[in-house]
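Q: So the chains spell out like this:
2 protein chains.
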Amino acid sequence: MNQPLENLPATAQTMAMKGGGYYSQRTRGAKDVIDNAVKMLLDAAQVVPEPSKGQPIRLADFGAADGGTSEAAWRKCIEHLRDRFAQTQIQVTYTDLPSNDFSSLFKNLLGFGSSGPNTFLTDIENVFVNACGIGFHQQLLPDETLDIGFSATAMHYISEKPCTIDDHVHMVGASGDSLAAFAQQAKHNWEDLLLARTRELRPGGRLVILNFGIDEQGRYLGNTGGINMFNTFAELWSNMRKEGTITSDEFKNTAFPQYYRTVEEFCAPLEDQSSAVYQAGLRLVSAKTGVHGCPYRRAFDEAQGSMSNREFAVSYIPTLRSWSEAVFVNGLSGERPQEEKDQIVDQFYQRYEDRVAENPDGHAMDYVHCYLAMEKVL
Amino acid sequence: MNQPLENLPATAQTMAMKGGGYYSQRTRGAKDVIDNAVKMLLDAAQVVPEPSKGQPIRLADFGAADGGTSEAAWRKCIEHLRDRFAQTQIQVTYTDLPSNDFSSLFKNLLGFGSSGPNTFLTDIENVFVNACGIGFHQQLLPDETLDIGFSATAMHYISEKPCTIDDHVHMVGASGDSLAAFAQQAKHNWEDLLLARTRELRPGGRLVILNFGIDEQGRYLGNTGGINMFNTFAELWSNMRKEGTITSDEFKNTAFPQYYRTVEEFCAPLEDQSSAVYQAGLRLVSAKTGVHGCPYRRAFDEAQGSMSNREFAVSYIPTLRSWSEAVFVNGLSGERPQEEKDQIVDQFYQRYEDRVAENPDGHAMDYVHCYLAMEKVL
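Here the protein sequences line up with chains A and B, keeping their order. First residue of the first sequence: 8, per the numbering used here; consecutive thereafter. First residue of the second sequence: 8, per the numbering used here; consecutive thereafter.
Treat the hints with care, since some could be wrong.
The list treats identical chains as one, so a pair stands whether inside a single copy or across any two.
Straight line, CA to CA, 30 Å or less: simulated DSS-like cross-link-like pairs of lysine-lysine [stated by the list, open to error]: (1) Lys114 x Lys249; (2) Lys60 x Lys348; (3) Lys168 x Lys114; (4) Lys259 x Lys348; (5) Lys114 x Lys194; (6) Lys114 x Lys348; (7) Lys194 x Lys348; (8) Lys168 x Lys348.
Note that these hints are calculated values from the structure, not bench results.
For reference, chain A alone in the conformation it holds in the complex (with noise of 0.2 Å):
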């Protein structure tokens, strides 16, 4: 009955390349992280458990946004499972704040959005859908009740900024006290999400957690060689504080709520015995890290002096500011009218492209991930 996973029907094979052509410039990067772990997919999808009879397969897909970037994925991975259990109805949970945008994930699902009009919702019968719009740090779903949980790109953030960062804007530059604490924060924020989701698998169901994190290089996003992006964020931000455009205090307010973990610190719940993520039957069943080309210095790179210094710029640092904005945002003061915070961030993004227009040596926002498989086994 099972196909072999490379062995995919073509239409399948079709949709992918046809939907990769909606997908706008600045997501691109994280639909190739999502297309390069479906394999990842396609595994959980071999050995999930049968369902018990009448119940129907459940999906869910942590931090999804408007689901854009994971709908390629969940199509192979869905139709894996079709071809396992032809009978069992499936259902995709897709999780995020309450705040996320959640009609235009049920706009793009039903083929009315950025995914085009076909979607694994319109084209694949017995097919169900919905929403949960709370945070991931706790349990979203009744008790063993998912077969399997993805997450892209969305578990880096931690649950609340335990600390301020004295000279720098993210933790990947802080130290001492500081980096402890973030570092505390986000191994709490782990073990509960970890705790949550084993909750909520069956016994035999995966999750596959593709994160932002430190590989055995030290490298993370936008700090592969070149130059270090966060770093440059934090110098853009202390010259405007020298400059006095912001104040010490708003530079100190101002911290990505992230952690970038290691290798070591997401495998650890995973591998110690005495673990209650551990002890409740979650299991490591892969770790590996892989870096991701920035798409836009490669569009640069590859169109060999036909592209200006200006022209990179220009389309490389809406990427960082579509993800960024806010943190800057929401270091100002609240005295502040929206006007002129709009008019601070704009100037600060404004530098960092005329100093890549000025140099782009080395600039580049390339993705650095931890792919992660874990089974439940009790």
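Keeping the supplied structure of chain A fixed, place chain B upon it in accordance with the hints.
A: The following block gives chain B in isolation, referenced to the frame of chain A:
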């Protein structure tokens, strides 16, 4: 083990009263209706069979908007289910169209919204929520995974308008072929959505549906013996056509995508043994109609002269406008700038307000509902 229905925990009674204070004036009518139906939900909670071992009880609220008006009713239902099945987890699915504001729904449930800081989700352990942003005319949940389905004041919306209505804006003023086409559309929609719900329900599961409808005396929303609200809409809109403020085409394009069913129409597929719904196993438990007096009218009458006619009109029109405005805006030509559309519609409701202020006698938007309980027996 089971408590008598009238003996709910004191906390629930307190919360229902407290919760009431948070509801805005504009939704008071809807909440009154749902409170009135709590008894039907408790009856359902009393009779649904125990779930299979390890399975949660699953509830669903179809066409739930931001969940605010039904929160207190769900709390009572959940508390009663927890009394019956102490160890069973409970999941509530909220459905609405993709364009619904699901962020408000989740914020409300998490205690950050109009339902106040305490909701069944914040106060009761082992309850889980999710949302489905797809219209309820199709199946939204996997087969036999629903224990109690609920819907309040939502299923009078039909999936599409089958035709225009020449000299009115609502099917209550349609006749001949137009009325027949709306009736046919509503019949198909009702059968389709009941069939979808029947597939979703576990055997022994219940549906509780409260819907705008036409009662045994021919009464319906805003038509309970005084001045007919929909006729007033049609007359004022028609006046604007006569004056040339709107075109004949615009008048013709203006029609509520709604159908008010009679009790007979509601019950037909549940009593006709040859219908697909009946054959799928759905049975009528009870059907009744009820009229809830307009809270704005009541406040005006109780003020005994201390509220001016204008004050009543100013308090009354916004509740009509909140759910009807989009219909009039959408009736206008797409070639008009938005600002012009807004001006026309402002003028329309101003005229309604002026008419009420001039002589408030007979103006009231009384709710007329049909209350249906159904059970899946196969």
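Q: When Cα atoms must be at most 30 Å apart, do Lys194 and Lys348 count as within-copy, between-copy, both, or neither?
A: For Lys194 and Lys348, the Cα distance exceeds 30 Å both inside one copy (33 Å) and across copies (55 Å).
Q: From the Cα coordinates, with 30 Å as the cut-off, is the pair Lys259 and Lys348 best called within, between, both, or neither?
A: Intra 16 Å, inter 48 Å, cutoff 30 Å: intra-copy only.
Q: Are the CA atoms of Lys168 and Lys114 at most 30 Å apart within a copy, between copies, both, or neither?
A: Only across copies: Lys168 and Lys114 sit 21 Å apart there, 33 Å inside one copy, limit 30 Å.
Q: Is it within, between, both, or neither for Lys114 and Lys249, if the alpha carbons may be no more than 30 Å apart?
A: Classified as neither: same-chain Cα gap 46 Å, cross-chain 40 Å, threshold 30 Å.
Q: Indicate which option fits the pair Lys114, Lys348 if close means a Cα-Cα distance not exceeding 30 Å: within, between, both or neither.
A: Between copies only: 26 Å across chains, 32 Å inside a chain, cut-off 30 Å.
Q: At most 30 Å between alpha carbons: which applies to Lys114 and Lys194, within, between, both or neither?
A: between (36 Å within a copy, 27 Å between copies)
Q: Which holds for Lys168 with Lys348 at a C-alpha limit of 30 Å: within a copy, between copies, both or neither?
A: within (22 Å within a copy, 47 Å between copies)
Q: Within, between, both or neither: how does the pair Lys60, Lys348 come out at a Cα-Cα threshold of 30 Å?
A: Classified as neither: same-chain Cα gap 57 Å, cross-chain 55 Å, threshold 30 Å.
In summary, the numbered hints that this structure violates are 1, 2 and 7.
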